[in-house]
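Given the structure of chain A, go ahead and fit chains B and C onto it with the hints provided.
Quick mapping for you: the protein sequence lines, in order, are chains A, B and C.
Just so you know, we're using the working numbering here: the first sequence kicks off at 1 and counts up by one.
Just so you know, we're using the working numbering here: the second sequence kicks off at 170 and counts up by one.
Just so you know, we're using the working numbering here: the third sequence kicks off at 286 and counts up by one.
Hints are not guaranteed to be accurate.
Some but not every residue of chain C turned toward chain B, in silico, with C-beta under 10 Å [as the list claims (entries may be wrong)]:
no. : residue
1   : M286
2   : L288
3   : E289
4   : A291
5   : A318
6   : M322
7   : Y340
Here are the simulated DSBU-like pairs of lysine-lysine, each with C-alpha atoms no more than 30 Å apart in a straight line [said to hold, decoys possible]:
no. : chain 1 : residue 1 : chain 2 : residue 2
8   : B       : K248      : B       : K179
9   : B       : K248      : B       : K268
10  : A       : K153      : B       : K268
11  : B       : K268      : B       : K179
12  : A       : K153      : B       : K179
13  : B       : K271      : B       : K250
Derived by calculation from the structure, the hints in this document are not laboratory data.
None of the values given here were measured: they were computed from a predicted structure.
Idealized CB from N, CA, C, for every residue including glycine.
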Amino acid sequence: MSQDGAKVRQMMNPARRVELTITSDASSLQVVRAALKRTAELQGFSPDEAHDVALALDEALANVIKHGYGGPCNMPIHITFEGVDHDDGRPGLRLTVRDHGRQVDPCTIRGRNLDDVRPGGLGVHIMRTVMDEIEWSCPTDGGMLLRMEKYRKAPQPHAAAPPGGGRNS
Amino acid sequence: MTLKPCPVVKEIRETPEAIVVVLTGEIDLHQSPGLHAALVDVAARRPRRLVLNMTEVGYMDSSGVGTLVELLRRVNSYKGKLALVNLSQRVRGVFEITKLDKFFQIHASEEQAVQA
Amino acid sequence: MPLERAMGAKAAGESNDRRAVPSLVDRLDDEDAAVRMYSILALERITGTRLGYDYAARREQRLAAIRQWRYAIRTGELTVASSQPAADQTRGRTNGWEERVAE
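This is chain A alone, in the form it adopts within the complex (with noise of 0.2 Å):
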């Protein structure tokens, strides 16, 4: 009982915000999805949908490491994991990742409609599977900048958590 009262009262802190920056090297990925794995179960995800989670950034930041630098392996990432709320009440993770690399699509593409417009790939395939929500924007003293959200399916903290046999994929 008291371990669910510190489950709810975890998640009613808005103020969880992780932050962390590594290099564009490839060895950086396994300690970022230690620690989103971490901050997911902490959030109220099941093992199973924190791996996917890690899953997800893991990609992304691969596209970054890969696309996004082409190569050097000393240039920054900046990553943010925070607790959010959906607008009906369901607890989630937002995710950031801010590189500085050269800005693409959607921030150049001419007489489309944005919203159509998507880098794409496998990676990025995982990750619109697994993530609720995923958006590319450009900031305006460049590089690129991801969002992706997942939200919890369970409404209510206190709600029975489904036998083992769930896998949310």
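The following block gives chains B and C in isolation, referenced to the frame of chain A:
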């Protein structure tokens, strides 16, 4: 046989039926290139049957799946057989999201893999 | 083999090969769902859009979207390497995730 140091390759075993490669750990963008090189070495010996034991693989992303797909294509090219053994539900999920699961022989154990 | 067609599509997308657009559009009608998925992912990477195509939709819907693709290629709305007009230079330079790599 030549064992290249690759942290996710725990062991390579040769039996009359197959070469078995036991993998371990998390296979991501950092590990995939080394794994690719190690698997290319094994496939170069053109084993009739190549078995990847995935029991200890707790995580794999699209770079890892891509590495295994490249191995599959090599093994297919000389008409060998590749089997993946004991994928965790999470790792299998990545194959399913990338729609590549159906291209692989997936078994629950090495015994089943060598009998197939 | 479907795996070869799927991986061929994936490679075309990763190398941002605009010349592959017409054959990728042909693969949108492949009987294998994985081939169709990798083909539309590659087209999205190269051109920035899916033009409403859904690889899992029923064939009639897929054929309708494929007609959209063929129309867009014919009218030049999509940048295809052999006929890249000067006015589209900006779009061509940065179209697709791969363009961020300086070649």
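Okay, the hints, checked on the actual structure:
{"no.": "1", "hint": "M286", "result": "holds, 7 Å"}
{"no.": "2", "hint": "L288", "result": "holds, 5 Å"}
{"no.": "3", "hint": "E289", "result": "holds, 7 Å"}
{"no.": "4", "hint": "A291", "result": "holds, 8 Å"}
{"no.": "5", "hint": "A318", "result": "holds, 7 Å"}
{"no.": "6", "hint": "M322", "result": "holds, 5 Å"}
{"no.": "7", "hint": "Y340", "result": "holds, 9 Å"}
{"no.": "8", "hint": "K248(B) <-> K179(B)", "result": "holds, 26 Å"}
{"no.": "9", "hint": "K248(B) <-> K268(B)", "result": "holds, 22 Å"}
{"no.": "10", "hint": "K153(A) <-> K268(B)", "result": "holds, 25 Å"}
{"no.": "11", "hint": "K268(B) <-> K179(B)", "result": "holds, 27 Å"}
{"no.": "12", "hint": "K153(A) <-> K179(B)", "result": "violated, 38 Å"}
{"no.": "13", "hint": "K271(B) <-> K250(B)", "result": "holds, 14 Å"}
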